[in-house]
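Q: Listed below, chain by chain, are the residues.
Protein chains: 2
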Amino acid sequence: MSDLNAAMLDMMIDMGRRARAAAESLRATTPDARTEALHRLAEALRAAEADILSANARDVARARDAGLSEALIDRLALTPARVEGMAAAVEAIAAQPDPVGGEIARWTPANGLDIARVRTPIGVLAVIYESRPNVTADAAALCLRSGNAAILRCGSDCLESSRAIAAVVRSAVAEAGLPVDAIQLVPVPDRAAVGAILAGLDGAVDLIIPRGGKSLVARVQAEAKAPVLGHLEGLCHTYLDAGADLDVARRVTLNAKMRRVSVCGATETLLVDRAAAERLLPAVAADLTAAGCELRGDAEARALVPGMTEATEADWTTEYLAPILSVRVVGGVDGALDHIRRYGSGHTEAIVTTDEKAAGRFAEGVDSAIVLINASTQFADGGEFGFGGEIGISTSKLHARGPVGAEQLTTYKYVVRGEGQTRP
Amino acid sequence: MSDLNAAMLDMMIDMGRRARAAAESLRATTPDARTEALHRLAEALRAAEADILSANARDVARARDAGLSEALIDRLALTPARVEGMAAAVEAIAAQPDPVGGEIARWTPANGLDIARVRTPIGVLAVIYESRPNVTADAAALCLRSGNAAILRCGSDCLESSRAIAAVVRSAVAEAGLPVDAIQLVPVPDRAAVGAILAGLDGAVDLIIPRGGKSLVARVQAEAKAPVLGHLEGLCHTYLDAGADLDVARRVTLNAKMRRVSVCGATETLLVDRAAAERLLPAVAADLTAAGCELRGDAEARALVPGMTEATEADWTTEYLAPILSVRVVGGVDGALDHIRRYGSGHTEAIVTTDEKAAGRFAEGVDSAIVLINASTQFADGGEFGFGGEIGISTSKLHARGPVGAEQLTTYKYVVRGEGQTRP
Numbered sequence: 001m002s003d004l005n006a007a008m009l010d011m012m013i014d015m016g017r018r019a020r021a022a023a024e025s026l027r028a029t030t031p032d033a034r035t036e037a038l039h040r041l042a043e044a045l046r047a048a049e050a051d052i053l054s055a056n057a058r059d060v061a062r063a064r065d066a067g068l069s070e071a072l073i074d075r076l077a078l079t080p081a082r083v084e085g086m087a088a089a090v091e092a093i094a095a096q097p098d099p100v101g102g103e104i105a106r107w108t109p110a111n112g113l114d115i116a117r118v119r120t121p122i123g124v125l126a127v128i129y130e131s132r133p134n135v136t137a138d139a140a141a142l143c144l145r146s147g148n149a150a151i152l153r154c155g156s157d158c159l160e161s162s163r164a165i166a167a168v169v170r171s172a173v174a175e176a177g178l179p180v181d182a183i184q185l186v187p188v189p190d191r192a193a194v195g196a197i198l199a200g201l202d203g204a205v206d207l208i209i210p211r212g213g214k215s216l217v218a219r220v221q222a223e224a225k226a227p228v229l230g231h232l233e234g235l236c237h238t239y240l241d242a243g244a245d246l247d248v249a250r251r252v253t254l255n256a257k258m259r260r261v262s263v264c265g266a267t268e269t270l271l272v273d274r275a276a277a278e279r280l281l282p283a284v285a286a287d288l289t290a291a292g293c294e295l296r297g298d299a300e301a302r303a304l305v306p307g308m309t310e311a312t313e314a315d316w317t318t319e320y321l322a323p324i325l326s327v328r329v330v331g332g333v334d335g336a337l338d339h340i341r342r343y344g345s346g347h348t349e350a351i352v353t354t355d356e357k358a359a360g361r362f363a364e365g366v367d368s369a370i371v372l373i374n375a376s377t378q379f380a381d382g383g384e385f386g387f388g389g390e391i392g393i394s395t396s397k398l399h400a401r402g403p404v405g406a407e408q409l410t411t412y413k414y415v416v417r418g419e420g421q422t423r424p
Numbered sequence: 001m002s003d004l005n006a007a008m009l010d011m012m013i014d015m016g017r018r019a020r021a022a023a024e025s026l027r028a029t030t031p032d033a034r035t036e037a038l039h040r041l042a043e044a045l046r047a048a049e050a051d052i053l054s055a056n057a058r059d060v061a062r063a064r065d066a067g068l069s070e071a072l073i074d075r076l077a078l079t080p081a082r083v084e085g086m087a088a089a090v091e092a093i094a095a096q097p098d099p100v101g102g103e104i105a106r107w108t109p110a111n112g113l114d115i116a117r118v119r120t121p122i123g124v125l126a127v128i129y130e131s132r133p134n135v136t137a138d139a140a141a142l143c144l145r146s147g148n149a150a151i152l153r154c155g156s157d158c159l160e161s162s163r164a165i166a167a168v169v170r171s172a173v174a175e176a177g178l179p180v181d182a183i184q185l186v187p188v189p190d191r192a193a194v195g196a197i198l199a200g201l202d203g204a205v206d207l208i209i210p211r212g213g214k215s216l217v218a219r220v221q222a223e224a225k226a227p228v229l230g231h232l233e234g235l236c237h238t239y240l241d242a243g244a245d246l247d248v249a250r251r252v253t254l255n256a257k258m259r260r261v262s263v264c265g266a267t268e269t270l271l272v273d274r275a276a277a278e279r280l281l282p283a284v285a286a287d288l289t290a291a292g293c294e295l296r297g298d299a300e301a302r303a304l305v306p307g308m309t310e311a312t313e314a315d316w317t318t319e320y321l322a323p324i325l326s327v328r329v330v331g332g333v334d335g336a337l338d339h340i341r342r343y344g345s346g347h348t349e350a351i352v353t354t355d356e357k358a359a360g361r362f363a364e365g366v367d368s369a370i371v372l373i374n375a376s377t378q379f380a381d382g383g384e385f386g387f388g389g390e391i392g393i394s395t396s397k398l399h400a401r402g403p404v405g406a407e408q409l410t411t412y413k414y415v416v417r418g419e420g421q422t423r424p
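Going down the list, the protein sequences come from chains A and B. Its first residue numbered 1, the first sequence is counted upward by one per residue in full-length UniProt numbering. Its first residue numbered 1, the second sequence is counted upward by one per residue in full-length UniProt numbering.
It should be emphasised that the hints constitute simulated quantities derived from the structure, not laboratory data. One or more hints might be untrue.
Which copy is meant is left open, because identical chains are indistinguishable; a pair holds if it fits in one copy or across any two.
No more than 20 Å apart at the CA atoms, straight line, and that leaves these computed lysine to aspartate or glutamate pairs for EDC-like [stated by the list, open to error]:
no.: 1; residue 1: K214; residue 2: E130
no.: 2; residue 1: K357; residue 2: D334
no.: 3; residue 1: K225; residue 2: D14
Next comes chain A alone, as it looks inside the complex:
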């Protein structure tokens, strides 16, 4: 190992140790103290707007020099409105009920013990993300709300912005009397830091959360020695059932695809019930085309919508994140379920129908984190679910599925009260 790598590893291990100690101290803080820290943080972000924007301007300038695409620069760039958005998100998280200490269940079995299942923080979370600097504030706020310490590792593109935001976070945390190392940002762009985190920092990391593109998440899932809560991709489907109302089908499909094409909850494949394709598809397709969406269909869809290009097998497996939609005609709910089972990523699927039975069979048969009935797949979002914010959408089946807010960043323990009982 080179000296540089050894020094990096030492720094990361030390960061892990400090995070563990901070997690222990956080355990003794009150919900009110954590709420107070979040309010201070929101105010401090507003007060530090100029510093944050000037750090961000340096990141953006470097990104332009490096020839990054405008789409990436748009993810990276902050504006006064975006800084205000960060502060407002922190306030929304502050307004969430504090999950720690909440009783999930309580009962007394035959042995007379009083058993309570109580929410507790997980401990130390490592969040690995890419070029959106607002994640620094969002992740910090969600970790504070849930009583966890966090090690944040941002992409090198947004390092200066994230440092400026992390400095604001840490002073707000310290001023509120919480342990300053509750939130730590890896201060250097070295890639070895990610390797160190994946190796678990000597057992100091309880959970790794990758938030970013497919290759980042895949690397984390393949290499991590600690548990991972990640989303792989959002290959979301909207299914128009024979029982669909035409108006609902038109506006839900248009929104599900085109509201924002780059989010993981955007619909990538439209499935249409053969029994109603003639009634539904032409109007739905016309709306999409008028909005600038390219349609790629199977033979039956193309027969109904002239000018649609031909879909290949690859279209069913592609998360476009672009104004492109694949379209397939299927045999009712069962046909839709077959397609989703084969090609879906377990993220979010929607059915449009007025037929309660069809809706029920679809909701039961789809094994995805989120199933929507008569609503847009773009609602797959922690804010829309009422969580105040989210650290991502989990497509893991274990621990938490769907939007991951503060509550999903907790675990539980059993507190069992007896009166001297011994086990027979």
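Based on these hints, arrange chain B on the given structure of chain A.
A: Using the frame of chain A, we list chain B on its own:
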């Protein structure tokens, strides 16, 4: 790869495929059908007693020939009473509320969507265990109750017994109209089967549950490509606080250590508050010694209990699973928490005290799956918790902690009902 290994891998991949298909079919079964299958299974186990015992006799004879210890043979050996115990456990699990489809939460955020968080099966579970043949029936029953398909891999010692039990399970499942491949047992003792499971069977395994000794669990956690729910060990502590009632301290400690020394919930280290050591320790130690327990103490403990041998650093880190107890005098709740933080395994800890404040600080400060107040650590058990049975005690922090019953073998999805909502 040798031909043998290739054939084994093919068999295992095929098993994974059939498990996945069975999991899909199970999704469409009703709670009543699953309850019916469990009742049939309990009856069928009783009816097959002779077959099961004769298969078990062959396992036991082979184990004796191989020179296995009497302790291991005791784990392996079945008797009519133990077969009845298996049947009774299946009935207790049948009597549990079926978790699948249960609504965990339901709310309507500002967007007007009706959001329900609904319990669903995880999918395909792989259970890897060692020489206790009753696990074959327990694991099958818990997986059926929770709507999961299971691939069971028993230790080679109990293969004939497990095959006999698995045959009973599969006919009961088929007779109840459930997919027969819902429960599959790896029919050969080949170790390559474990490797294939750890590699994830081409994505067919959603969760791996190792149930057995430390080395098995450690291997699974190190190598598994699918999520793992395991317990590493139970290094459980009982802490006698200054506020302890002497009688409760005596009977809880004796039970916590000596009821059964080989279970993971057995206490391995006794911590005694300095402020009350003189009052509590001599009597507690006398009870333990009289029951045949060896005591290994620090200097302060030895000063109070002549004849106690000297504890070394290794004693604080050893899960004895034997009639040996390490004893340390500590400075109150904080001293106990420090010791547990440093040496505990996150399984189960108990405090004996009548002081509510001390109990509260202990319960809050201990980051273990189970914290007991005035009760024996040996209550760490799914049956005692009212779960009907358990597949083990999880010391993982993610997904499920403590006893893992049918409910802990489920995940959830969101079923979201709208009226044509689109996202602004």
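Q: Name the hints, by number, that the structure is in violation of.
A: Checked against the structure, no hint fails, so every one of them is satisfied.
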